[in-house]
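My request is simple: use the sequences and hints to build the entire structure.
Listed here are the chains, written in short residue letters.
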Amino acid sequence: MADFETPEVKEYLDMPELKPGAMSHSKPFVSRDEFQGPLGFPGELVDDWQNVALAKLAELLNTNRGLKVFMDSCVKCGACTDKCHYFLGTSDPRNMPVARQDLLRNVYRRYFTWPGRLFPKLVGAQDLTEDVLDQWYSYFHQCSECRRCSVYCPYGIDTAEITMAAREVMNAVGKGQKYSNEIIGKVFKIGNNLGLPQPALLDTLEGLEEEVKEDTGVDVRYPLDEKGADVLLVTPSADFFAEPHVDGLIGYGKVFHQAGISWTLSSHASEAANFGLFIGSQENMRKIAMRVREAAEELGVKRIVFGECGHAWRVAYSFLNTLAGPFDFLDPRYPVPQHICEVTHELIQRGALTLDKSANDHRRVTFHDSCNVARASRMGNTPGGQFTIPREIIQAVCNHYYDMPPDTIGEATFCCGGGGGLLTDDLMELRVKGALPRMQALRQVVEQEGVTHLAAICAICKSQFAKVLPYYGFEMDQIVSVHQLVSDAIVLEPARQNT
Amino acid sequence: MTFASIVFAVLFYGATAVLLIGVGLRVARYARTPAPLKIPTTPAPTSRGGVIGRMASEVVFFHSLFKANKWIWILAWVFHVALLLVLLRHLRYFIDPVWEWVVLIQPFGVYAGFAMLAGLIGLWIRRIFVQRIRYISAPSDHLMLGLLIAIAASGLAMKYLWHVDVTAVKVFFVGLMRFEIHPLPTEPLLLLHLALVVALMIVFPFSKLLHAPGVFFSPTRNQADNPREQRHTSWAARVEHTGAAAAPANRGGPVPNARSED
Numbered sequence: 006m007a008d009f010e011t012p013e014v015k016e017y018l019d020m021p022e023l024k025p026g027a028m029s030h031s032k033p034f035v036s037r038d039e040f041q042g043p044l045g046f047p048g049e050l051v052d053d054w055q056n057v058a059l060a061k062l063a064e065l066l067n068t069n070r071g072l073k074v075f076m077d078s079c080v081k082c083g084a085c086t087d088k089c090h091y092f093l094g095t096s097d098p099r100n101m102p103v104a105r106q107d108l109l110r111n112v113y114r115r116y117f118t119w120p121g122r123l124f125p126k127l128v129g130a131q132d133l134t135e136d137v138l139d140q141w142y143s144y145f146h147q148c149s150e151c152r153r154c155s156v157y158c159p160y161g162i163d164t165a166e167i168t169m170a171a172r173e174v175m176n177a178v179g180k181g182q183k184y185s186n187e188i189i190g191k192v193f194k195i196g197n198n199l200g201l202p203q204p205a206l207l208d209t210l211e212g213l214e215e216e217v218k219e220d221t222g223v224d225v226r227y228p229l230d231e232k233g234a235d236v237l238l239v240t241p242s243a244d245f246f247a248e249p250h251v252d253g254l255i256g257y258g259k260v261f262h263q264a265g266i267s268w269t270l271s272s273h274a275s276e277a278a279n280f281g282l283f284i285g286s287q288e289n290m291r292k293i294a295m296r297v298r299e300a301a302e303e304l305g306v307k308r309i310v311f312g313e314c315g316h317a318w319r320v321a322y323s324f325l326n327t328l329a330g331p332f333d334f335l336d337p338r339y340p341v342p343q344h345i346c347e348v349t350h351e352l353i354q355r356g357a358l359t360l361d362k363s364a365n366d367h368r369r370v371t372f373h374d375s376c377n378v379a380r381a382s383r384m385g386n387t388p389g390g391q392f393t394i395p396r397e398i399i400q401a402v403c404n405h406y407y408d409m410p411p412d413t414i415g416e417a418t419f420c421c422g423g424g425g426g427l428l429t430d431d432l433m434e435l436r437v438k439g440a441l442p443r444m445q446a447l448r449q450v451v452e453q454e455g456v457t458h459l460a461a462i463c464a465i466c467k468s469q470f471a472k473v474l475p476y477y478g479f480e481m482d483q484i485v486s487v488h489q490l491v492s493d494a495i496v497l498e499p500a501r502q503n504t
Numbered sequence: 522m523t524f525a526s527i528v529f530a531v532l533f534y535g536a537t538a539v540l541l542i543g544v545g546l547r548v549a550r551y552a553r554t555p556a557p558l559k560i561p562t563t564p565a566p567t568s569r570g571g572v573i574g575r576m577a578s579e580v581v582f583f584h585s586l587f588k589a590n591k592w593i594w595i596l597a598w599v600f601h602v603a604l605l606l607v608l609l610r611h612l613r614y615f616i617d618p619v620w621e622w623v624v625l626i627q628p629f630g631v632y633a634g635f636a637m638l639a640g641l642i643g644l645w646i647r648r649i650f651v652q653r654i655r656y657i658s659a660p661s662d663h664l665m666l667g668l669l670i671a672i673a674a675s676g677l678a679m680k681y682l683w684h685v686d687v688t689a690v691k692v693f694f695v696g697l698m699r700f701e702i703h704p705l706p707t708e709p710l711l712l713l714h715l716a717l718v719v720a721l722m723i724v725f726p727f728s729k730l731l732h733a734p735g736v737f738f739s740p741t742r743n744q745a746d747n748p749r750e751q752r753h754t755s756w757a758a759r760v761e762h763t764g765a766a767a768a769p770a771n772r773g774g775p776v777p778n779a780r781s782e783d
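These protein sequence lines are chains P and W, in that order. For any residue, its number in the numbering used here is found by taking its place in the first sequence, counting from 1, and adding 5. For any residue, its number in the numbering used here is found by taking its place in the second sequence, counting from 1, and adding 521.
If you are wondering where the hints come from, they were derived from the structure by calculation, not from laboratory data. Some hints could be false.
As the list claims (entries may be wrong) - Straight line, CA to CA, 20 Å or less: simulated EDC-like cross-link-like pairs of lysine to aspartate or glutamate:
#1 K588(W) to D87(P)
#2 K24(P) to D87(P)
#3 K591(W) to E498(P)
#4 K232(P) to D252(P)
#5 K472(P) to D8(P)
#6 K591(W) to D412(P)
#7 K232(P) to D136(P)
#8 K588(W) to D136(P)
#9 K292(P) to E39(P)
#10 K183(P) to E39(P)
#11 K32(P) to E49(P)
#12 K591(W) to D19(P)
#13 K15(P) to E302(P)
#14 K191(P) to D333(P)
#15 K61(P) to D136(P)
#16 K362(P) to E498(P)
#17 K307(P) to E750(W)
#18 K588(W) to E64(P)
#19 K183(P) to D431(P)
#20 K194(P) to E303(P)
#21 K61(P) to E135(P)
See the structure below:
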């Protein structure tokens, strides 16, 4: 175990006593030249970094209305102060959303507003010193960009946007985060976060076909780079081998098989995740998003479907059309892109899948709303479909479903503690402590309803929970993929003809 | 004509100019800055009409704040509604003859003065005694509350304790509206009240009071959730602005203006 204490899970969430500086030591590994270069960032802290940083901040203020409005609008009302899972888990007041924002806002006030220039002390304005940069690096890597605070802010101030801007400024001066930047480099070079080349993917998928054949006796296909397929499935690369992710991928394949939909994965776009979002770099985000478009054109598909991944769905749903559209070469009868849950839900609705709910009778399930799906995207045609569609899928394949308390799900959902580019071992203490509110809510349904499994539709959530559940006395395999539940309940027939 | 009349005439003309020009420039800046991506906090309305409804519930009822914290909500809401009533009540010093509805709200406007004071004091108590809010407060946050409290208190004191010749005050302000300077009564309380209001008008465009115009430009609240149905293209405007990246493939002719969508 690590050199920190796992917070105690109590009956109710306590409002923590402030412990200033409690997490100031928490910093992810700093990126190096080899990881910075491919993203177009300097390899180490540049000499006149203050000027470069302020120039970058000025550029962002001129090109991002949200950032500019958010810098000006905060009245310090305190509505957000008790909303962040990292604050609730660490007691560090800098993890209160407004206090995190102020790390950037105080510098903004100092250099971009008259009161800050004339009376810095009065308005809390601060010079951009090395110490401030250090605090930025620490605390802007203690935000998972989950947007929970933005739900409660009377002006809709979104700390995620401010964190992204701060990370973009830090990258511009050469102080990037190794974890995210190394991963983005791998996508550019190989096509996915894990650096799995095409032969490895092919091998893995053949293995899956054999496994499913062994389990069910049916030939379910997991195709790669097949031209002329109807659907391009873009899924997080963790789905290719991590547990419980891969069980979800098996489920997608079974759904397509059973519905008679021809589909393919792509080695060029073998990654749904888009860490360009996390580092606030719209240029890098766009480069990654363009790979999806290129793959769709290359393979000649009619539809694009995304697998279970939270922030990937945000980029796909909210940004893909802007960054890589228009997608007028795809079948106009389907939204671009679709979420795998939308596909499965629609098939269930029209009775296209035969499901045996009793196959999941050994599980009592609750659902973790992933933050980016909940607060930055939608499924289906009506607002809030992102909450009802996954639940209706689970309830169609499980007899025992229970929600966690209402103030911890839906738009009020708590982040798993590992989102936003923080899913790295060098931030283990933060990840464990940040999971506290979710663990507390989970404990409640475990005790009251006998819940045994936590289902999720996000690769990061799944990896994070697999890692932190044991710290809180749960088992790592209590986290499951939603399509794993579908997979277990679906009654397969031998291959159908494509419809 | 007294010295005070001239000084306060100059102050009010100056403060009005600073307020209007300052806020105008800020709003123009907000409107000009592109919103490159769709970032409404979801679930969000999918249509323009829905967005207007969402914005109205924020501006009129402080809906998000209500979800966040009932104490802050009730204090802030009471303060703002009371402030609105008080401001409307004060119209009678600027308009001649006074509009009927302004006459009707006079008594409410007076009670609103007390409600405004109560809300402000409640907010200040929270700012001082709730550890989390004390931590995030700069001196200016306390000063702003102090300024508003002083304005409200000096106004109420003139109503109930030390009366001023409000008819003369009205003559002064109606005169200013016609670019004439009439004598202003020189009771210290009145001059204090007016000086504080001038200060508030001057700091408005440079302070957190910008939340008032800002909320209308907040992309998490004013964007419709329809990115799949309608391609959001302000991104291109951002790229043109910085030249930081190659423009995305532009297949449909000229890219619509950044402001066209939200």
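The hints, checked one at a time:
1. K588(W) to D87(P): holds (12 Å)
2. K24(P) to D87(P): OK: K24(P) and D87(P) at ~14 Å, within 20 Å.
3. K591(W) to E498(P): Violated, because 55 Å separates the two Cα atoms, which is more than 20 Å.
4. K232(P) to D252(P): With a Cα-Cα distance of about 25 Å, the restraint between K232(P) and D252(P) is violated, given a limit of 20 Å.
5. K472(P) to D8(P): Holds, at about 16 Å.
6. K591(W) to D412(P): holds (15 Å)
7. K232(P) to D136(P): violated (54 Å)
8. K588(W) to D136(P): At roughly 36 Å apart (the allowed maximum being 20 Å), D136(P) and K588(W) break the hint.
9. K292(P) to E39(P): holds (19 Å)
10. K183(P) to E39(P): holds (10 Å)
11. K32(P) to E49(P): holds (16 Å)
12. K591(W) to D19(P): holds (18 Å)
13. K15(P) to E302(P): Not OK: K15(P) and E302(P) at ~53 Å, beyond 20 Å, violated.
14. K191(P) to D333(P): Distance of about 29 Å is beyond 20 Å: violated.
15. K61(P) to D136(P): Holds, at roughly 19 Å.
16. K362(P) to E498(P): holds (17 Å)
17. K307(P) to E750(W): holds (17 Å)
18. K588(W) to E64(P): At roughly 34 Å apart (the allowed maximum being 20 Å), E64(P) and K588(W) break the hint.
19. K183(P) to D431(P): holds (10 Å)
20. K194(P) to E303(P): holds (18 Å)
21. K61(P) to E135(P): holds (17 Å)
Comparing the model with each earlier hint shows violations of hints 3, 4, 7, 8, 13, 14, 18; every other hint is respected.
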